[in-house]
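Asker: Residue-level listing of the chains:
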Amino acid sequence: MTGPLLVADDLHRSFGPTPALAGASLSVAAGEIVSIMGPSGSGKSTLLHCLAGIVSPDSGRVAYQDRDVVAMSDRERSALRRSQFGFVFQFGQLVPELTCLENVALPLRLERVRRSEAERRAKDWLDRLEVTELAGKRPGEISGGQGQRVAVARALVTAPRVIFADEPTGALDSLNGERVMRLLTGAARDTRAAVVLVTHEARVAAYADREVVVRDGRTRDLARTA
Amino acid sequence: MSIGQTFLGLLEAGPRHGYDLKRAYDDRFGRDRPLHYGQVYATLSRLLKNGLVEVDGTEPGEGPERKRYAVTDAGVTDVQRWLASPEKPDPYLQSTLYTKVVLALVTGRPANDLLDTQRAEHLRLMRELTRRKNDGDLADQLVCDHALFHLEADLRWLELTAARLDDLRRAVTS
Amino acid sequence: MRELLIGARMAVTGGRDGWTRALLTALGVGIGVAMLLLAAAVPGALDARQARGDARDDLRLGEPVPAAADTLLVAPLETEFRGRPVRGRLLRPEGPQAPVPPGLTALPRAGEAVVSPALKKVLDSPDGDLFRPRLGGATVTGTIGAQGLAGPHELAFYLGTDSLTDGQAVRLDAFGGGLPGEELGPVLILLVVVIFVVLLLPIAVFLGTAVRFGGERRDRRLAALRLVGADTAMTRRIAAGEAAAGALLGVVVGAALFALARQVAPLVSLWDISVYAADVRPAPALVAVIVLGVPLVAVLVGLIALRGVLIEPLGVTRRAVAPRRRLWWRLILPVTGLALLYPLIGGIRDGGRADYQVAAGVTLLLIGSVALLPWLVDLTVRRLRGGPVGWQLAIRRLQLDSATSARLVNGIAVAVAGTIALQMLFATVEDESTRSTGQDTTRAQAAVQLAPRVDAPAALARLRATPGLGHSTGTLWALATPDRPASTAPSLLVDLRIGDCAALAEYARLGSCTDGDVFLVQGPPDAPPVDAFTPGTRLRVGDGGQEGAGATWSLPTTMPTVPAREDPFGGIQGAILATPAALPLTALGPLGVDFFATFDRTAPDALEHLRNAGASIDRFASVTSMSATTENNRFTNIRRGLYIGATLTLLLIGTSMLVGLLEQLRERRRLLAMLVAVGTRRTTLAWSVFWQAAVPVVIGLALATGFGIALGAVLLRMVGTSVSVDWSVVGLATGLAAAVVLLAVGLGLPALWRLLRADGLRTD
Numbered sequence: 001m002t003g004p005l006l007v008a009d010d011l012h013r014s015f016g017p018t019p020a021l022a023g024a025s026l027s028v029a030a031g032e033i034v035s036i037m038g039p040s041g042s043g044k045s046t047l048l049h050c051l052a053g054i055v056s057p058d059s060g061r062v063a064y065q066d067r068d069v070v071a072m073s074d075r076e077r078s079a080l081r082r083s084q085f086g087f088v089f090q091f092g093q094l095v096p097e098l099t100c101l102e103n104v105a106l107p108l109r110l111e112r113v114r115r116s117e118a119e120r121r122a123k124d125w126l127d128r129l130e131v132t133e134l135a136g137k138r139p140g141e142i143s144g145g146q147g148q149r150v151a152v153a154r155a156l157v158t159a160p161r162v163i164f165a166d167e168p169t170g171a172l173d174s175l176n177g178e179r180v181m182r183l184l185t186g187a188a189r190d191t192r193a194a195v196v197l198v199t200h201e202a203r204v205a206a207y208a209d210r211e212v213v214v215r216d217g218r219t220r221d222l223a224r225t226a
Numbered sequence: 001m002s003i004g005q006t007f008l009g010l011l012e013a014g015p016r017h018g019y020d021l022k023r024a025y026d027d028r029f030g031r032d033r034p035l036h037y038g039q040v041y042a043t044l045s046r047l048l049k050n051g052l053v054e055v056d057g058t059e060p061g062e063g064p065e066r067k068r069y070a071v072t073d074a075g076v077t078d079v080q081r082w083l084a085s086p087e088k089p090d091p092y093l094q095s096t097l098y099t100k101v102v103l104a105l106v107t108g109r110p111a112n113d114l115l116d117t118q119r120a121e122h123l124r125l126m127r128e129l130t131r132r133k134n135d136g137d138l139a140d141q142l143v144c145d146h147a148l149f150h151l152e153a154d155l156r157w158l159e160l161t162a163a164r165l166d167d168l169r170r171a172v173t174s
Numbered sequence: 001m002r003e004l005l006i007g008a009r010m011a012v013t014g015g016r017d018g019w020t021r022a023l024l025t026a027l028g029v030g031i032g033v034a035m036l037l038l039a040a041a042v043p044g045a046l047d048a049r050q051a052r053g054d055a056r057d058d059l060r061l062g063e064p065v066p067a068a069a070d071t072l073l074v075a076p077l078e079t080e081f082r083g084r085p086v087r088g089r090l091l092r093p094e095g096p097q098a099p100v101p102p103g104l105t106a107l108p109r110a111g112e113a114v115v116s117p118a119l120k121k122v123l124d125s126p127d128g129d130l131f132r133p134r135l136g137g138a139t140v141t142g143t144i145g146a147q148g149l150a151g152p153h154e155l156a157f158y159l160g161t162d163s164l165t166d167g168q169a170v171r172l173d174a175f176g177g178g179l180p181g182e183e184l185g186p187v188l189i190l191l192v193v194v195i196f197v198v199l200l201l202p203i204a205v206f207l208g209t210a211v212r213f214g215g216e217r218r219d220r221r222l223a224a225l226r227l228v229g230a231d232t233a234m235t236r237r238i239a240a241g242e243a244a245a246g247a248l249l250g251v252v253v254g255a256a257l258f259a260l261a262r263q264v265a266p267l268v269s270l271w272d273i274s275v276y277a278a279d280v281r282p283a284p285a286l287v288a289v290i291v292l293g294v295p296l297v298a299v300l301v302g303l304i305a306l307r308g309v310l311i312e313p314l315g316v317t318r319r320a321v322a323p324r325r326r327l328w329w330r331l332i333l334p335v336t337g338l339a340l341l342y343p344l345i346g347g348i349r350d351g352g353r354a355d356y357q358v359a360a361g362v363t364l365l366l367i368g369s370v371a372l373l374p375w376l377v378d379l380t381v382r383r384l385r386g387g388p389v390g391w392q393l394a395i396r397r398l399q400l401d402s403a404t405s406a407r408l409v410n411g412i413a414v415a416v417a418g419t420i421a422l423q424m425l426f427a428t429v430e431d432e433s434t435r436s437t438g439q440d441t442t443r444a445q446a447a448v449q450l451a452p453r454v455d456a457p458a459a460l461a462r463l464r465a466t467p468g469l470g471h472s473t474g475t476l477w478a479l480a481t482p483d484r485p486a487s488t489a490p491s492l493l494v495d496l497r498i499g500d501c502a503a504l505a506e507y508a509r510l511g512s513c514t515d516g517d518v519f520l521v522q523g524p525p526d527a528p529p530v531d532a533f534t535p536g537t538r539l540r541v542g543d544g545g546q547e548g549a550g551a552t553w554s555l556p557t558t559m560p561t562v563p564a565r566e567d568p569f570g571g572i573q574g575a576i577l578a579t580p581a582a583l584p585l586t587a588l589g590p591l592g593v594d595f596f597a598t599f600d601r602t603a604p605d606a607l608e609h610l611r612n613a614g615a616s617i618d619r620f621a622s623v624t625s626m627s628a629t630t631e632n633n634r635f636t637n638i639r640r641g642l643y644i645g646a647t648l649t650l651l652l653i654g655t656s657m658l659v660g661l662l663e664q665l666r667e668r669r670r671l672l673a674m675l676v677a678v679g680t681r682r683t684t685l686a687w688s689v690f691w692q693a694a695v696p697v698v699i700g701l702a703l704a705t706g707f708g709i710a711l712g713a714v715l716l717r718m719v720g721t722s723v724s725v726d727w728s729v730v731g732l733a734t735g736l737a738a739a740v741v742l743l744a745v746g747l748g749l750p751a752l753w754r755l756l757r758a759d760g761l762r763t764d
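Protein chains in written order, with UniProt numbering: chain A, 1 to 226; chain B, 1 to 174; chain C, 1 to 764.
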């Protein structure tokens, strides 16, 4: 891999009259864990959404493996998110009707993997994230920390190149938060997946290789230290 | 950290040689700063003088100090008292960082850069501690977390200060 | 009381969402209330229509009225214009005090016409020329007022004349006061009762759904109230207040919608029936029941819905795993219904009690299908496994909460079950009341009949010249009888029919025929014999064969006897057929004309032209458009009512499905946005929405078909006919319902797309 895996350049994006991004730039190398920090309302989630092709910026460029994400059709971007990216959000990301196992298998099934095969691989990831016993339970019956670990398993099950995590520990206590972060970054390093981690907690950001600060919609890259 | 009380506490489990005490101390609490032998024996002799430990026996053989120490009842009471009394919270009312920020503002230097540089340094250290924590055992985790929480507190202060820089500038320059 | 007011305020405040919810409930309840009010107004509207019909009635049976200064001669000139019936009357006053029909200020003078506003519009349009000849060149001098018309779209005219004679007309000294209309028979009453139940029940179900719009959000709000110290009883009262407020708002909306529908009603004409706004006036007692009953029911439904929910200060717990649905009590309703209907099998009696018994039985049976539906959906969905992601999402959702979906389908199930039962009843009753006319439309699509006239051959030629005709055949006819003294034998009359070979071939199987031939036609065995007409017999022709009247003519000595053939009207009888060269046409006196024609496909108004041609030759000319069957007019009306009602009901249910769907989507918007973020295809989500709606619908339709057929069978047994199922009707009813569901889902999809756009994930 020569260039960076994922690049965002001078992104602008407004919601109504409120500017969320006003010149944000970022590049992520393969296998790198980058945290995006900033106070609430600084635009860090919007930056993540733009990077992941969920939201299109008003102006600016997003490139994944030198392919222009902004120019892609909605269908192409969906396919990209399915096959190349994984997602962990703060809460409310598991489908309440499906069991944990089915939730983890969902991205594979969206990729048209056979059900039995998808559930076998989902089972492996549940084991790895130490939530084997939750396979048959529904999200309503498990704790927040367990739910996040199931969500991490779901983000990793397709062996993505980039995992986007938006305040993955935001709703958890420190102990569970630490556990989720350890499992997430550990698994990401093992599978050589890059992680884009949005958080406002320095302790969570410290799991990354480096951090980018967003203030008023602009990124400030602090001294790059390895 | 009070080395004396720590020794007393360690001796409660059973009599030890000075060398054993140093190793046990370094293992559990030393981390960055292992004890000097001089420190060990100076402390032990002070404890001996105060009647908090006694010499339990002397091993036969060569060597400067083959004495084995045991804790006395007075020593146990001392440990008990030490553990029961709360530590005085450190107020950090005159921190170097605050001084630096105010100085920068007064002299018209960019305080923001100062804060960002400090922030980067803090985060660098936090990353390192996080890595150590993840590679280490439970004791490592606890020690690192203690440091991480303190660093995080500093960072929060840095962020808050950055957000209030304009107010502060007005206050110190008026 | 304070809690009720708090609830009422909560129904209308609470930001945009609160408003949307209140509006949806109000609209839903409003539509339901408007439908109920309209239904309540139907009998009144029909009565008003009937009353106006009675007031202008001009049929008289019994003692003829002698001519006087206050009498009037009236002759009907019924015709049709482009399939719409036209009521025409020819009026000739016999004195200055002649009665004036309702809606007219004065009688039209000879050569003047007064027309209904609808007919005036036709006459003023470019199509006016297609009708004007039927007014016989009269000038339109005025329009008929509302009190003289059945409805605003009725086509009608009164034509003044001075040439009407006693024999052609009825003499009146006043309009109205004729015989009252025929009462509906017991079977018809049964039908009407069942129709009302079948149409109003889904509306009731719909009302039940409408007052639950936004229920989940409401529950969360109640939880917030518990947090600040409300106890369970208080939350219940608050919920009741909220439901009542929504329903009251709905009643207001309903009244407004009803007023609107009332104003729009005169603009609409369905199957030749139109009503005046003033006719749409529900009985005050019914209005009171609706206005008070709907909010009451709303409160009850709201409280019942709360039973399944535990509202705690920290949130809402739905009784997570729904209590295992038990079958036995769900069976009580339909079984009771059947028990009520069973004694009536074998023949229904007249009298009010049976009506109520039927209504109660039918209602219970249909509500039974509603009670059974959640149980059946549960049972079915529990067993479903596998399938693609969209299907999996839908099924899992249904397994977790089938009640919500089942509720949406309830209305459809009731409507379809009722419609199937009714259609079965109809099919039989209709079979019995629809006679095959025997008319053969491949031979002729229209017939013109003219009374005997002197210039018959010329009239026939004019009819033939009508533009737009395909092939046509015409015959002249007169009645003939053997010329012998009346006392010697009973009078023996046959048609003497004159025409070319092709025209005569419509009445008999001629074999060979050339001009100059005469045939004796032997009718079917049960027809009067024609043996008396032996070759050479001298006949007396015309004027009903009266002795000494008309012309005489002798049959030729060679005259083949041929078998009769059904004429295009479906009649078959003995006759004498003669080609023109066989007899002295001009010497026979006045002859009638029978004319049959088919139409050229490319001339759409040929029938109107033919009517005009007929009317310009003889204003009493009968122009008939032929059809293979004719049915009892009353059934047509009832069936029309059913069709309108069923369609409206299904649309209403479609609306409530759509609202329910949108609400579900809104509540799950975060989840949907998340699914899109992880790369879920939109089509997958669309399929999941579709299956979630479709699975309960399929189950509901299956159940409805079963119940409908069962109810239909019971009704048929009550009427005393054998049970047969018309599967095309079943297919149509279920198909229509399925189409409504598809429509609702289809309309819901744009909302889904919109929800899936970008900012669904934003939390701040």
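Worth double-checking, as some hints may not be accurate.
As the list claims (entries may be wrong) - Here chain A is said to cover these stretches of chain C; the calculated rule only asks that three of the stretch's residues, wherever they fall, bring their Cβ under 8 Å from a Cβ of chain A:
no. : segment
1   : 395 to 404
2   : 668 to 677
Stated by the list, open to error - Simulated restraints on C-beta separations:
no. : chain 1 : residue 1 : chain 2 : residue 2 : range
3   : C       : GLU667    : A       : GLY16     : 20 to 26 Å
4   : A       : ALA171    : B       : ASP56     : 33 to 39 Å
5   : B       : LEU168    : A       : PRO17     : 51 to 57 Å
6   : A       : ARG67     : C       : VAL264    : 37 to 43 Å
7   : C       : LEU379    : A       : GLY23     : 57 to 63 Å
Please keep in mind that the hints were generated in silico from the structure rather than gathered at the bench. No residue lacks a Cβ here, since even glycine has one placed at the ideal position from N, Cα and C.
Asker: Given a hint of 37 to 43 Å, does the C-beta separation of ARG67/A and VAL264/C actually sit inside it?
Answerer: 57 Å, violated
Asker: Between GLU667/C and GLY16/A, is the Cβ distance one that fits in 20 to 26 Å?
Answerer: Given about 24 Å between the Cβ atoms, the range holds.
Asker: Kindly confirm whether 51 to 57 Å is satisfied by the beta carbon distance between LEU168/B and PRO17/A.
Answerer: 30 Å, violated
Asker: Is 57 to 63 Å a correct range for the gap between the Cβ atoms of LEU379/C and GLY23/A?
Answerer: 59 Å, holds
Asker: Would you check chain A against the segment 668 to 677 of chain C, counting CB to CB pairs closer than 8 Å, and say if three or more residues qualify?
Answerer: holds (count 6)
Asker: So the hint says 33 to 39 Å: do the beta-carbon atoms of ALA171/A and ASP56/B match that?
Answerer: Check failed, 55 Å falls outside 33 to 39 Å.
Asker: How does the coverage statement for the segment 395 to 404 of chain C fare against chain A, requiring three or more residues with Cβ below 8 Å from a Cβ of that chain?
Answerer: Since three or more residues must qualify, the claim that chain A covers the segment 395 to 404 of chain C holds, with 4 doing so at under 8 Å.
Violated hints, listed in ascending order, are 4, 5, 6; each of the other numbered hints is respected by the structure.
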